[in-house]
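Participant: Protein chains in written order, with my numbering: chain A, 1 to 381; chain B, 1 to 393.
Just so you know, these hints were derived from the structure itself, not from any lab.
Each hint should be verified, as a subset may be incorrect.
[Said to hold, decoys possible] Taking lysine to any residue and the SDA-like style, the derived pairs with C-alpha atoms no more than 25 Å apart in a straight line are:
#1 40/A <-> 192/B
#2 331/B <-> 311/B
#3 96/A <-> 316/B
#4 86/B <-> 202/B
#5 96/A <-> 335/B
#6 345/A <-> 365/A
#7 96/A <-> 306/B
#8 96/A <-> 30/B
#9 96/A <-> 337/B
#10 96/A <-> 305/B
#11 96/A <-> 325/B
#12 96/A <-> 311/B
#13 96/A <-> 4/B
#14 187/B <-> 186/A
#15 86/B <-> 173/A
#16 96/A <-> 253/B
#17 96/A <-> 308/B
#18 86/B <-> 186/A
Source: prediction; values computed, not measured.
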Amino acid sequence: MMTLADFFRPENYPLRVVVLGCGALGLVSGALGAFAVLRKQSLLGDAISHAALPGVALAFLLTQTKEPVFLLTGAALASWLGTLLVMVIVRYTRIKYDAALGVMLSVFFGVGLVVLTYIQNHSTKANQAGLRNFLFGQAGTLLLSDVIVIVELAALVLLVLALFWKEFKLLSFDPDYAATLGYPIQLLDVLLTTLLVIAIVTGLQAVGAVLMSALIIAPAAAARQWTDRLGVMVVLAGLFGATAGVAGGLLGDLLSVPPVALPTGPLVVLCVSAIVIFSLLLAPNRGLVWNGLREMARRRQLQLEAILDHLYQLSLQHESLDHGHPFAVVRSMAVGQGNVLRSLKELEARGWARRTGPSMWAITEAGLEEARRRRIVRQQE
Amino acid sequence: MSLLDLEVQAILVVTASACALPGVFLVLRRLALMSDAISHSILFGIVLAFFITRDLSSPLLIGGAALAGIVTVLLVEGLHRTRLVKEDAAIGLVFPVLFCIGVLLISGFLRGVHLDENCVLLGKPEFAPFNRLVIGGEATASAEHADHGHVMPTRGGIDLGPKSLWVMGIILIINLTFILLFYKELKLATFDASLAAALGFAPWLLHYGLMVLVSITAVGAFETVGSILVVALMIVPPATAYLLTDRLAWMIGFSALLAALCGVLGYWLAHPRMLDTCISGSMATVAGAMFSLVLLFAPQRGVLAVLRRRQQQRWDFAQLMLAIHLFNHEKTADAERENRIDHLQEHLNWDPRFARRVVRRAERRGLIRLEEEGMLRLTTPGRAAAEQALQLQ
Numbered sequence: 001m002m003t004l005a006d007f008f009r010p011e012n013y014p015l016r017v018v019v020l021g022c023g024a025l026g027l028v029s030g031a032l033g034a035f036a037v038l039r040k041q042s043l044l045g046d047a048i049s050h051a052a053l054p055g056v057a058l059a060f061l062l063t064q065t066k067e068p069v070f071l072l073t074g075a076a077l078a079s080w081l082g083t084l085l086v087m088v089i090v091r092y093t094r095i096k097y098d099a100a101l102g103v104m105l106s107v108f109f110g111v112g113l114v115v116l117t118y119i120q121n122h123s124t125k126a127n128q129a130g131l132r133n134f135l136f137g138q139a140g141t142l143l144l145s146d147v148i149v150i151v152e153l154a155a156l157v158l159l160v161l162a163l164f165w166k167e168f169k170l171l172s173f174d175p176d177y178a179a180t181l182g183y184p185i186q187l188l189d190v191l192l193t194t195l196l197v198i199a200i201v202t203g204l205q206a207v208g209a210v211l212m213s214a215l216i217i218a219p220a221a222a223a224r225q226w227t228d229r230l231g232v233m234v235v236l237a238g239l240f241g242a243t244a245g246v247a248g249g250l251l252g253d254l255l256s257v258p259p260v261a262l263p264t265g266p267l268v269v270l271c272v273s274a275i276v277i278f279s280l281l282l283a284p285n286r287g288l289v290w291n292g293l294r295e296m297a298r299r300r301q302l303q304l305e306a307i308l309d310h311l312y313q314l315s316l317q318h319e320s321l322d323h324g325h326p327f328a329v330v331r332s333m334a335v336g337q338g339n340v341l342r343s344l345k346e347l348e349a350r351g352w353a354r355r356t357g358p359s360m361w362a363i364t365e366a367g368l369e370e371a372r373r374r375r376i377v378r379q380q381e
Numbered sequence: 001m002s003l004l005d006l007e008v009q010a011i012l013v014v015t016a017s018a019c020a021l022p023g024v025f026l027v028l029r030r031l032a033l034m035s036d037a038i039s040h041s042i043l044f045g046i047v048l049a050f051f052i053t054r055d056l057s058s059p060l061l062i063g064g065a066a067l068a069g070i071v072t073v074l075l076v077e078g079l080h081r082t083r084l085v086k087e088d089a090a091i092g093l094v095f096p097v098l099f100c101i102g103v104l105l106i107s108g109f110l111r112g113v114h115l116d117e118n119c120v121l122l123g124k125p126e127f128a129p130f131n132r133l134v135i136g137g138e139a140t141a142s143a144e145h146a147d148h149g150h151v152m153p154t155r156g157g158i159d160l161g162p163k164s165l166w167v168m169g170i171i172l173i174i175n176l177t178f179i180l181l182f183y184k185e186l187k188l189a190t191f192d193a194s195l196a197a198a199l200g201f202a203p204w205l206l207h208y209g210l211m212v213l214v215s216i217t218a219v220g221a222f223e224t225v226g227s228i229l230v231v232a233l234m235i236v237p238p239a240t241a242y243l244l245t246d247r248l249a250w251m252i253g254f255s256a257l258l259a260a261l262c263g264v265l266g267y268w269l270a271h272p273r274m275l276d277t278c279i280s281g282s283m284a285t286v287a288g289a290m291f292s293l294v295l296l297f298a299p300q301r302g303v304l305a306v307l308r309r310r311q312q313q314r315w316d317f318a319q320l321m322l323a324i325h326l327f328n329h330e331k332t333a334d335a336e337r338e339n340r341i342d343h344l345q346e347h348l349n350w351d352p353r354f355a356r357r358v359v360r361r362a363e364r365r366g367l368i369r370l371e372e373e374g375m376l377r378l379t380t381p382g383r384a385a386a387e388q389a390l391q392l393q
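The following block holds chain A by itself, in its conformation from the complex (with noise of 0.2 Å):
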């Protein structure tokens, strides 16, 4: 088992330098997936992280280099690109975002992978590794250089949302109201898509297409079960992503024993989807425990007042409130209303109902008012 010491010895150096750019890329991937998620625009990451393909094969076939620079440039307009083009389709014609999605991100990545192909058919320099590195990122292969890039994109974008935060906020939440004071929505909605594409692009080499996705959108659905306001689910976003891009890393490399390597792509998302899950769980108010808990609670209350009004009903027949009445009547007069003898045991714990002989019971003269009570209670409603 490593333990923090170890982690900062000189050999861990690399995991260190990994740890990092996976920490910054959940941080910067998550706060903006916030507003992603928030728009019903959750998908656009997996359209945009997949539209990048053919900028970065194309950016290779005109450079001839592999240099980070250009193929992320590539990748950045490739992405935009199809962006735009999905705003123009959606805005022109009747096809719907979710199939306009499709459309662009199966035709880009279709024409990235005719001119990976062809690349790799017609020059020497190519290898398949560059493929399986753009589905699939080498997360473990992070150098300083290339983590620092990612952090200064990341500050960048951080920054930005940071100058314009009133007004993402309200192009998220209202932005026909946002229209109407002059804000420019068309300009801003760009903005705001150009900075999830550079979050997208940066992240495409450390955890890859595929997955870039997940690191958008899990973090900010986790973060929405805590919170009702944009402040705090941006920042528990990008924390939660942070979380999950260090775990990830780490386990990486404590799971990795030779032969075996394990990329650490997929690991961070399924550290992210484990956040997720706990918050949909146990998540205080949302969460689907306390939710489950809460309804329970109502039937078991809902049941009690059915047996009550059952007893108050059988005591009107009778002059006597000591007329008990057989158990067998109750039930069948209670049928679908959960388990009669465990409802009476309750009413008898509150002194509601009392038993007047085996299997015999009958109502009290509080739970004879208590029925009234809640009779009247229901008419009002």
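Following the hints, put chain B in place on chain A, whose structure we already have.
Facilitator: Coordinates of chain B only, in the frame set by chain A:
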């Protein structure tokens, strides 16, 4: 054109049309990206099934993959139904997880097995004809013979053609049968789900039926063309057809036709004599080119037609505004001042150039007359148009 060329093209055409059929309903029902999710999750199903059978040619693999597709749909819908996340986010949360587990299982436990993610994503249609369906006997052909450009003879038995042609052919027939049998129900459930439910049809049953079809089709097709192209073939031809027609039956027909065309054109674009590149990618490229052409030039729904129509509406509206303005002021005291071309700028907030062009168009249509000193007079048809717009008639 050799027999091999023909066989690959036949496989591609059948695969493409088989994908396009359920794709029509995905596009119409706003489920387009479900195909993306399903085609990725397939990897997970295949890997799990492989752990059980340890045999890459086992039919259980297809079963596992189809099951994974259905599990994806159920998970997405379950997640969506909690109302904690929106539907698009639910899709984006589910399939990466399944896909990642698949990738990790492969890289962790299946090193050296010939099952790699590239193959799942890209497919190898050019090798499909070498996997032949033979009754009694054993096929001798293998991928190594691809360079010879012809199909190797089999040792004994009857050669029934490429296996994937049979698989995709059967899937095509299943899809076609489903759509023909439930055409009316599908149509109703797609365009008016609540009416369908009210009339006693079960929209959810059709929905899951459709999803099962999508899963099976994706599984069958990814082997030959790869999972990304499955998305392209399911979405792009129907989206193209959607811009060409308003009738469901025509849309289905167009989609299948366009998809088949993608198969043939894509094959020749990728041919060693042309670009010498991967077939699945070039099919998607052709599909994209078709889509772009239709997107721009489609008669009613194309971008150019829409722009022209909007422009036309803008001029029509401006001419009508002009006619109404003239109508309101004619025979009043200030008509001399109001009904002049240089006054439009002030009253209607038009810039002078725009005002001159509107006047010229309205004059050409015979709505108004331009008289000396820039005075504007309504003609009889112009007055009628204004009255009709103001509902005075």
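Participant: Does each hint hold? Answer for all of them.
Facilitator: Do the hints match the structure? See the list:
| no. | hint | verdict |
| --- | --- | --- |
| 1 | 40/A <-> 192/B | holds (23 Å) |
| 2 | 331/B <-> 311/B | violated (32 Å) |
| 3 | 96/A <-> 316/B | violated (29 Å) |
| 4 | 86/B <-> 202/B | holds (24 Å) |
| 5 | 96/A <-> 335/B | violated (50 Å) |
| 6 | 345/A <-> 365/A | holds (17 Å) |
| 7 | 96/A <-> 306/B | holds (16 Å) |
| 8 | 96/A <-> 30/B | holds (7 Å) |
| 9 | 96/A <-> 337/B | violated (50 Å) |
| 10 | 96/A <-> 305/B | holds (18 Å) |
| 11 | 96/A <-> 325/B | violated (39 Å) |
| 12 | 96/A <-> 311/B | holds (23 Å) |
| 13 | 96/A <-> 4/B | violated (39 Å) |
| 14 | 187/B <-> 186/A | violated (36 Å) |
| 15 | 86/B <-> 173/A | holds (15 Å) |
| 16 | 96/A <-> 253/B | holds (21 Å) |
| 17 | 96/A <-> 308/B | holds (21 Å) |
| 18 | 86/B <-> 186/A | holds (24 Å) |
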